[in-house]
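**Q** Got chain A; can you put chain B on it based on the hints?
Protein chains: 2
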Amino acid sequence: MKLSCLQENLNKAISIVSKVVATRSTLPVLSNILIKTEKGRLKLSATNLEIGISCWIGSKIEKEGSITIPARLFSDFVATNTDKTIAFELENTSLSLKSEHFFAHIKGIEASEFPLIPQIHQEPFIELPVLPLKEAITQTVFAVAIDETRPVLAGVLLRFVDDKLKIAATDSYRLAERQIELPRKVEKNVDLIVPAKTILELARIMSDSEQAVTIRVAENQVQFDISQAQVVSRLIEGSFPQYEQIIPSQTPISATVPTADFQNAIKMASLFARESADNIKLKIKKDNNLEIVAISPQAGDSVSNLSAQTTGEIEIAFNAKYLSDVLPVLGAEKLELLFSGPLSPGLVRPKNSKDYLYIIMPLKTEE
Amino acid sequence: MKLSCLQENLNKAISIVSKVVATRSTLPVLSNILIKTEKGRLKLSATNLEIGISCWIGSKIEKEGSITIPARLFSDFVATNTDKTIAFELENTSLSLKSEHFFAHIKGIEASEFPLIPQIHQEPFIELPVLPLKEAITQTVFAVAIDETRPVLAGVLLRFVDDKLKIAATDSYRLAERQIELPRKVEKNVDLIVPAKTILELARIMSDSEQAVTIRVAENQVQFDISQAQVVSRLIEGSFPQYEQIIPSQTPISATVPTADFQNAIKMASLFARESADNIKLKIKKDNNLEIVAISPQAGDSVSNLSAQTTGEIEIAFNAKYLSDVLPVLGAEKLELLFSGPLSPGLVRPKNSKDYLYIIMPLKTEE
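Sequences listed follow chains A and B, in order.
Residues 0 to 366 (numbering that gives the first Met the number 0) make up the first sequence, in order.
Residues 0 to 366 (numbering that gives the first Met the number 0) make up the second sequence, in order.
FYI, nobody ran anything at the bench for these hints, they're computed from the structure.
Please read all numbers here as calculations on a predicted model, not as lab measurements.
One should not assume that every hint holds.
Copies of the same chain look alike in the list, so a pair counts if it fits in one copy or across any two.
Stated by the list, open to error - Only pairs whose alpha carbons sit at most 27 Å apart, straight line, appear in this in silico DSS-like list of lysine-lysine: (1) Lys35 - Lys282; (2) Lys83 - Lys282; (3) Lys282 - Lys163; (4) Lys353 - Lys97; (5) Lys42 - Lys62; (6) Lys266 - Lys282.
Chain A on its own, in the form it takes in the complex (with noise of 0.2 Å):
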């Protein structure tokens, strides 16, 4: 393996595929990145066994090859480089890389311990546009559970019905749901159900100046190409819950607040929240009124007024974690909360939207 390439282009590689390096793992191998020549260009590759990030950049090859680093020191090298070119040179298992500054040897480990990525070769199944996509991964995935004991929960579901996809993921106590426009009917209806992390990564590597991520699926897995890079990963199996049913349809009591006043006044009840399990209570009053009151048994208590477009009352409990989570991701000067009584779940969506909702079961209270 003989070849240079641009420093500016290999940690930008390096940046999107290190992030699912294994960093504690049995199997040293994990820890490294696979580098290796492929069809004129540089590939580089790493995995966790369950992602499979792939990248290829623009390389001067001069003699083909291909060798694992240690990712951290390979990361950490390429970063502090200064230099315009790198030029990598394998001498058995070490890699030396010349810079104009710098010269350095790294010990690395054979590429054919490194565990294979498998590529899905079909027919794409869909191609995305990846701006909302980018917005929908942001307004779902933090509602995923974090224990594992519902597998489907820790996931988020890319519902794709005729020509509409629907985005969703819940906890059980929460759920979030984004809807996108595909640009044509799809062939099949089909459920996605892709693990919270992979979908974290997929959102993290779409650079907003890419136009389109294009989808193949296998059995249990998926594959997301986005110009330069590549994300494969195994899908969750099982059936996710018909949340349809859950989503209140008739929401006669109601409250429109500008988002950044209710998101200050919910983090003013969280203070005192925090030795009452984050338990808060909404009021929603007449007079245009929306009150919003915490009591610590120890600390103190709390209650922040705000003034709102008000239709009915209510008085309702909810987790402030709940609430305050969805509120940054909603994209919107004013929301609407939605209620049809005290013990139904409440509806949280940006004014004027219809692509976005996001439902919160509320907590008994003692009364």
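**A** Coordinates of chain B only, in the frame set by chain A:
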């Protein structure tokens, strides 16, 4: 107690005093901030029994009084509060805080339980200009000893000699010294050894808009007054090492290099020195070349090449961390490395500056 003050002033005062609040103390009142009306102003104080910080702000006082309330909740409440004015009213030990949109009660502990922070009422020892003092602290405090087996090394020396102040710190492997010209000769030459934490708090509190800090000294104690704030601390007893004798007087071997290039090369070498106790080697060569070499038994090795103005030749080994620590605080585009031999202390200083020096002990090499 009944008063009101501006949220902005209150927020700033809390941030000044709250850093010394004990987070885990057997004495609960040490987690609190003391608030007290005093001569028409509101005084906030906190202490960890080693350092005490007080801060005064203007306020409209209707009724005198004092109370201590939990620092974290008070600080978060004020920081989250978006209203202009906050009104305080004390009922027994519960403090009510009221503003346009927020109303809260915070439960406190009586002021009588708060430890007394001793104030020094003697004549000022000296007044120092803020900017050079702040810079001098940054340039020295990082060199204090972390382990406290020799208590004097856990402090920063302020040595007043005639019309000079020498500020120095050492952990016995390296030493940093900055000199400041005093506006006038001191009446008495003294050494003050100030705990590193105190001097860091002082540097944090001195904003760039301040002019001067007034120092008062009593037995075992020092007090710094800066406009609205006051820091009181114990002094460290004992004699600071007579470090002047290790400052090399003859340094025939030298290299002058751009600070940023050298910093980057040290960073690069550190990557490869992780497994060899940060041991790196500097090689000054006759042909205006400076080489920095690191060898890792497991990972590989690296050589960085810098063009430098050099005099003489040397190969000398150092702990990379001790070298990299000083580079961000030099405040100069070029630095000088000065040596007398591979087993003698090395000297690092900003080019064209005589008021700062950094001495570093070399490592013995195996050869």
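**Q** Indicate which option fits the pair lysine 266, lysine 282 if close means a Cα-Cα distance not exceeding 27 Å: within, between, both or neither.
**A** Cα proximity of lysine 266 and lysine 282: one copy only (16 Å, versus 56 Å across).
**Q** For lysine 42 and lysine 62, with the copy left unspecified, which applies at a CA distance of at most 27 Å: within, between, both, or neither?
**A** Intra 14 Å, inter 73 Å, cutoff 27 Å: intra-copy only.
**Q** First find the shortest C-alpha distance between lysine 353 and lysine 97 inside one copy, then the shortest across copies, and answer within, between, both or neither for a cut-off of 27 Å.
**A** neither (55 Å within a copy, 38 Å between copies)
**Q** Are the CA atoms of lysine 83 and lysine 282 at most 27 Å apart within a copy, between copies, both, or neither?
**A** Cα proximity of lysine 83 and lysine 282: across copies only (25 Å, versus 61 Å in one copy).
**Q** Tell me, please, which holds for lysine 35 and lysine 282 at an alpha-carbon limit of 27 Å: within, between, both or neither?
**A** Intra 61 Å, inter 35 Å, cutoff 27 Å: neither.
**Q** Reference check for the pair lysine 282 and lysine 163, CA-CA at most 27 Å: within, between, both, or neither?
**A** neither (36 Å within a copy, 65 Å between copies)
Violated hints, listed in ascending order, are 1, 3 and 4; each of the other numbered hints is respected by the structure.
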